[in-house]
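Asks: The lines below spell out each chain.
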Amino acid sequence: MPRMGSRVRVRNDMPPGHIRTPAYLRGKCGVIERTLGPFANPEELAYRHSGAPLALHRVRFTMAEVWGAAAEIPTDTIEAEIYAHWLEPADAA
Amino acid sequence: MTDTIPQADGHRWHDMGGAAAGEVPLADHDFALWEKRVDALMILCSAKGHFTVDGLRRALEDMPPSSFEELSYYERWIASVSQNLVEAGVLTTFEIGERMSAIRERGQTYGDAADG
Amino acid sequence: MPHDHHNHLSPSGHPFRADNDHPLSYWQTMEIAVRELLIEKGVTTAAEIARQIDAMDNRTPANGAAVVARAWTDPDFRAALQHDASVATSEMGFDIGPMKLIAVENTADLHNIVVCTLCSCYPRNLLGLPPDWYKSRAYRSRTVREPRRVLAEFGVTLPETTQIRVHDSTADMRYVVIPARPDGTDGWSTDDLAHLVTRDSMVGTGLPKSPDALA
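Chains as they are written, first to last, in the numbering used here: chain A, 51 to 143; chain B, 68 to 183; chain C, 1213 to 1427.
Don't read these hints as lab results, they were simulated from the structure.
It cannot be assumed that every hint is accurate.
[Unchecked claim] Restraint-style ranges between C-beta atoms, simulated for each label pair:
| # | chain 1 | residue 1 | chain 2 | residue 2 | range |
| --- | --- | --- | --- | --- | --- |
| 1 | B | E162 | A | G87 | 38 to 46 Å |
| 2 | C | A1259 | B | S168 | 22 to 30 Å |
| 3 | A | A120 | C | S1237 | 38 to 46 Å |
| 4 | C | N1270 | B | A169 | 27 to 35 Å |
| 5 | C | S1422 | A | A140 | 38 to 46 Å |
| 6 | B | H96 | C | A1392 | 25 to 33 Å |
| 7 | B | A94 | C | S1401 | 32 to 40 Å |
| 8 | C | Q1294 | A | E94 | 26 to 34 Å |
| 9 | C | L1322 | A | E94 | 32 to 40 Å |
| 10 | A | D141 | B | G156 | 46 to 54 Å |
| 11 | A | A114 | C | N1270 | 41 to 49 Å |
| 12 | B | S168 | C | G1309 | 35 to 43 Å |
[Claimed, not checked] Below, computed lysine-lysine pairings styled on DSS-like, alpha-carbon distance capped at 30 Å:
| # | chain 1 | residue 1 | chain 2 | residue 2 |
| --- | --- | --- | --- | --- |
| 13 | B | K115 | C | K1421 |
| 14 | B | K115 | C | K1253 |
| 15 | C | K1347 | C | K1312 |
| 16 | A | K78 | C | K1312 |
| 17 | A | K78 | C | K1347 |
| 18 | C | K1253 | C | K1421 |
| 19 | C | K1312 | B | K115 |
| 20 | C | K1421 | C | K1347 |
Computed from a predicted structure; not experimentally measured.
The C-beta atom is built at its ideal place from N, Cα and C for all residues, glycine as well.
Please construct the entire structure, taking both the sequences and the accompanying hints into account.
Replies: Below, the structure is given as structure tokens:
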């Protein structure tokens, strides 16, 4: 379970269906800004299932991390809410 | 001219963050009564447990990419609300279609047809 | 009984669209059908639908402006807002329902801007219904990638020394930006301060008005 300040990577999967992890963040690394929830998994609610409760992490990414050389200002940031099952430790092999 | 998001790699069209696009169109419009009614029906039906906002979004996302350009926001919403109500077993496609035909008989304008 | 919107002005001060006189569309027909069927089946009532429309009509950016003005003048409220904005604003009478509110403060060094790249999530109870531009392809696509160019289109240019933080409203949170309090407003009442707070300044695409603008 990642803590505030820990570095995480967003999984790089491309599943079909209703997903609330934006594609532009998949595979990117960021830092946990705060943890919220639990909330029911929207990927299940969308198909009329109950939705297992999941922790929701607000993750902060730098523009440099997300866009590389295309970033306007590399140190500007994006913060997005990512459900726990989409995150892995950033130092995972 | 808008850039479409390539779907061959599984990137879905509604997932727009980072795509190239033109200038932000700053014009706004006041909502028509029928649009407010669509919004109200969504809020009420989801509050009553017939479907979730997640189901609403999922049906919107499953529409073809062209729907975002060809249909307005609340046109797509009423399509999604209808689909979700059918999935919930609250309405059937047949009775929606049957009622729509009856409504068209009432008149040519929203004002005539809605007050019938 | 449906509201008669003819001859009235909407909360934004514009006349309602004369859709009642335009040719009936397929989707309008569907709305009428679904609404009538739901009423006939007892799922809802005409009165309940009308009440919901009234409730949404009464949610305007003035709600958010009142929250901002109080945050500017009441340090305890400002702290409560940062600790749990849902609780703090509900105590002012603004109920966020099942969502959770996060208030993000602008400073001299930090400017926040909110977008929902995946759909159109928006703090409706504080700001009313989202404007068309918030739901547009261009805003949803570009704000996370080039926020400074997007801001320039809204007439806002910030120095490189001000960090821009883009909040992508992907899940159960809703965001309201607390703009920085304009200079020259010492001693102002919360009502007067609220008049400086624009809708766009609470989304992050604008700045609050300066006292000179009200002169």
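Asks: A separate judgement is required for each hint: does it hold in the structure or not?
Replies: Against the structure, the hints:
no.	hint	verdict
1	B:E162 x A:G87: 38 to 46 Å	39 Å, holds
2	C:A1259 x B:S168: 22 to 30 Å	27 Å, holds
3	A:A120 x C:S1237: 38 to 46 Å	41 Å, holds
4	C:N1270 x B:A169: 27 to 35 Å	34 Å, holds
5	C:S1422 x A:A140: 38 to 46 Å	43 Å, holds
6	B:H96 x C:A1392: 25 to 33 Å	31 Å, holds
7	B:A94 x C:S1401: 32 to 40 Å	34 Å, holds
8	C:Q1294 x A:E94: 26 to 34 Å	32 Å, holds
9	C:L1322 x A:E94: 32 to 40 Å	36 Å, holds
10	A:D141 x B:G156: 46 to 54 Å	48 Å, holds
11	A:A114 x C:N1270: 41 to 49 Å	44 Å, holds
12	B:S168 x C:G1309: 35 to 43 Å	37 Å, holds
13	B:K115 x C:K1421	41 Å, violated
14	B:K115 x C:K1253	14 Å, holds
15	C:K1347 x C:K1312	20 Å, holds
16	A:K78 x C:K1312	26 Å, holds
17	A:K78 x C:K1347	25 Å, holds
18	C:K1253 x C:K1421	50 Å, violated
19	C:K1312 x B:K115	20 Å, holds
20	C:K1421 x C:K1347	24 Å, holds
Violation of the numbered hints given earlier is confined to hints 13, 18; the remaining hints are satisfied by the structure.
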